[in-house]
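Chemist: Given the coordinates of chain A, work out where chain B should sit on it, guided by the hints.
Number of protein chains: 2
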Amino acid sequence: MRLEELAGKCGEWLRGSGPESDIVVSSRIRLARNLADYPFIRKCTGLDRAAIEKTLRDKFAQIPGFRDVAYWDVNGLPDVDRQFLVERQLISREHADADGARGVVIDPNEQFSLMVNEEDHLRIQVMHSGLDLPSAWEQINRIDDVMEEHVYYAFHERLGYLTACPTNVGTGMRVSVMLHLPALVLTRQIEKVFRSLHKISLAVRGLYGEGSQAMGDFYQVSNQITLGKTEAELIQQVSEVAPALIEYERKARQYLVDESRRELHDRVSRAYGLLCTAQTISSEETMQLLSSVRMGVNLGLIRDVAIPTVNQLFIHTQRAHLQKLRGMELDTIERDIERANYLRRHLKGGSTSDGPGQN
Amino acid sequence: MRLEELAGKCGEWLRGSGPESDIVVSSRIRLARNLADYPFIRKCTGLDRAAIEKTLRDKFAQIPGFRDVAYWDVNGLPDVDRQFLVERQLISREHADADGARGVVIDPNEQFSLMVNEEDHLRIQVMHSGLDLPSAWEQINRIDDVMEEHVYYAFHERLGYLTACPTNVGTGMRVSVMLHLPALVLTRQIEKVFRSLHKISLAVRGLYGEGSQAMGDFYQVSNQITLGKTEAELIQQVSEVAPALIEYERKARQYLVDESRRELHDRVSRAYGLLCTAQTISSEETMQLLSSVRMGVNLGLIRDVAIPTVNQLFIHTQRAHLQKLRGMELDTIERDIERANYLRRHLKGGSTSDGPGQN
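For the record, the sequence lines run as chains A and B. 0 is the number of the first residue of the first sequence in numbering that gives the first Met the number 0; add one for each residue after it. 0 is the number of the first residue of the second sequence in numbering that gives the first Met the number 0; add one for each residue after it.
Chain A with its partners taken away, still in its complex shape (with noise of 0.2 Å):
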């Protein structure tokens, strides 16, 4: 498979198919495993690391319910290709940006995917569309009882899975799910929400993990600490407060329409006509204009696009996707045009000529 025709496809997780998918966009379990035969990450030489890489790779090999994924040599591949899987959440930002032997595992339908020699040996993650922890659990836990008929994981009794983040210790699982919660950020409710979530240990970040900025007002809300907890337990501290969220969103959203329904729909109609007719946009511009006609879409409000068509855009008009989808590379200037124009072939109507000279 080559990254090309990953960037034409859509992942399962994007297909707003799940439930509460108007405002649970996806949920994603990930377990960090490290091989008892060894040393954590930070303390491997370059050889070690592709050893580590070596064996990983042919043990995938192995497993027959690996048959149709793909292979990536991270390491090997170009900026814009690292940076690709970024943004369709198929590797960190992290192991982008490392360096030495890496690689990663991708499901065609992009639902699970193995990071080796990220921060840990080995990452898996799962991630299904809507509000859906227990079947993503119940495929996670399916992957790792394969991974573990054929390696050593490093484990300890009293401890659990060993990991070289020591919060990670334990089950080695982060529980997170990815929200969407325009109202909660109009209705300037978002921080009281997020105060609430830290006080019972729950982390919120913005759409690319740790330290990123919420952008699109999609938020990820995960678990803080694994030891201690059993993956159940993980996985029922996300599951209770998920539908709390929700509420709260719903109920912003209820609030916006009764109070200022004129206004509201003001604010998503012109989103709508600026990215039908933008001849250049930044990211920035489009993951907010997008952000307001997801959310008039799940109103009502906007009847002219789908949820999934919406949810791709997210993913397409970010750099990589834009340059994959192209086929070639483009500078920032460049960007905002294939971006506005990317935008105008997927939306319906708002169409303005492109003019004379349009590029």
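Treat the hints loosely; a few may be bogus.
Only some residues are given here: those of chain A computed to face chain B with a beta carbon under 7 Å [unchecked claim]:
(1) Asp265
(2) Ser268
(3) Arg269
(4) Tyr271
(5) Gly272
(6) Leu273
(7) Cys275
(8) Thr276
(9) Gln278
(10) Thr279
(11) Ser282
What the hints contain is simulated information worked out from the structure, not anything from laboratory work. Please read all numbers here as calculations on a predicted model, not as lab measurements. Built from N, CA and C at the ideal position, the CB exists for glycine as well.
Modeler: Below, chain B alone, put in the same frame as chain A:
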């Protein structure tokens, strides 16, 4: 003729068919005349005014060329109808706001109108599309001659026509062109142009005459002085300066196209997108966006809409027009909504669902 019938129509000067009509919206000439038998308006009693109104009204009825015109008793019109005639440029704001007996004759093509008891007893106005002062002059001269066959004008051998305000004494003529100068505004050259015009005794005003702000980048350029000049000289002065202004504006547009085509295209295209999708919009924002769209159409950057439509939207989206077209009184909030609805209905593309509950 009912005013409602006028509302749905479009005056000849809005058809955008005249010479240079990408920049010169209309050419206008008005003549100030007074009846020799009555004092100037400011010295008139209510009875005098009523007598003047009756005299002129009776004369109009005798003129064969006025068979198709409508006479409106401006004093008897409700506020919204007077405002409607101002927006239509058929009467002045002052005429709308005054007290006492007064009226207006309106040609069904809206090429000419005659105000009774404005600042002078009679003000004749002719307005043609594009830069076309000679034909406007020909028509107004004919009307003036016809009137003079029926009434005695206050005329002084040496001074010429006598008028209420000394600045109008002589020919009683004001010659003006309405220019659309968005590129001179955008390139910040407009103030410089105005200073040059003032030096040669030309006045610059907004869309609705004295003191009105330049809305939608429309500017009315006219002679300041009439005494001591012949009609031909006054027409020549404005006729000579108009091509220079047209050239400045064209150069500014070309500069924008050459130096920042993309930004310009983006600006006009987004303006179009907003007009096509807003759910509520003020008059000021509408004027500003329509101005961008008008330039965009004239530069071939927008092709989905025709100039006569844009010209008409400038007039039809104003407050009295919206109410006449809708057939009901509307407050500010309702007007902003009706304006957005009207714009969406009359501009192609950029459709978003009106959503449930949308009126």
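Chemist: Next step is simple, just say for each hint if it's right about the structure.
Modeler: Status of each hint after checking the structure:
Restraint check, Asp265 (chain A) versus chain B: the minimum CB separation of about 4 Å is within 7 Å; hint holds. Contact between Ser268 (chain A) and chain B, as hinted, is supported at the beta carbon level, the nearest pair being about 4 Å apart and thus within 7 Å. Against a cut-off of 7 Å between C-beta atoms, the interface hint on Arg269 (chain A) holds, since the closest Cβ of chain B lies about 5 Å away. With 7 Å as the threshold, the beta carbon of Tyr271 (chain A) comes within range of chain B, its nearest partner Cβ sitting at about 5 Å, so the hint holds.
At about 3 Å, the closest approach between the beta carbon of Gly272 (chain A) and any beta carbon in chain B falls short of 7 Å, and the interface hint on this residue holds. Satisfaction of the interface hint for Leu273 (chain A) is found here, the shortest Cβ-Cβ separation to chain B being roughly 5 Å, below the 7 Å cut-off. Interface restraint check: Cys275 (chain A) against chain B, minimum CB-CB distance 6 Å, threshold 7 Å, status holds. A cut of 7 Å between beta carbons decides the hint on Thr276 (chain A): the least distance to chain B is about 3 Å, and the hint holds.
Taken as an interface hint, Gln278 (chain A) checks out: its beta carbon lies about 4 Å from the nearest beta carbon of chain B, inside 7 Å. The interface hint given for Thr279 (chain A) holds, since its Cβ lies 5 Å from the closest Cβ of chain B, which is under the 7 Å cut-off. Because the closest C-beta pair between Ser282 (chain A) and chain B is about 15 Å apart, greater than 7 Å, the hint is violated.
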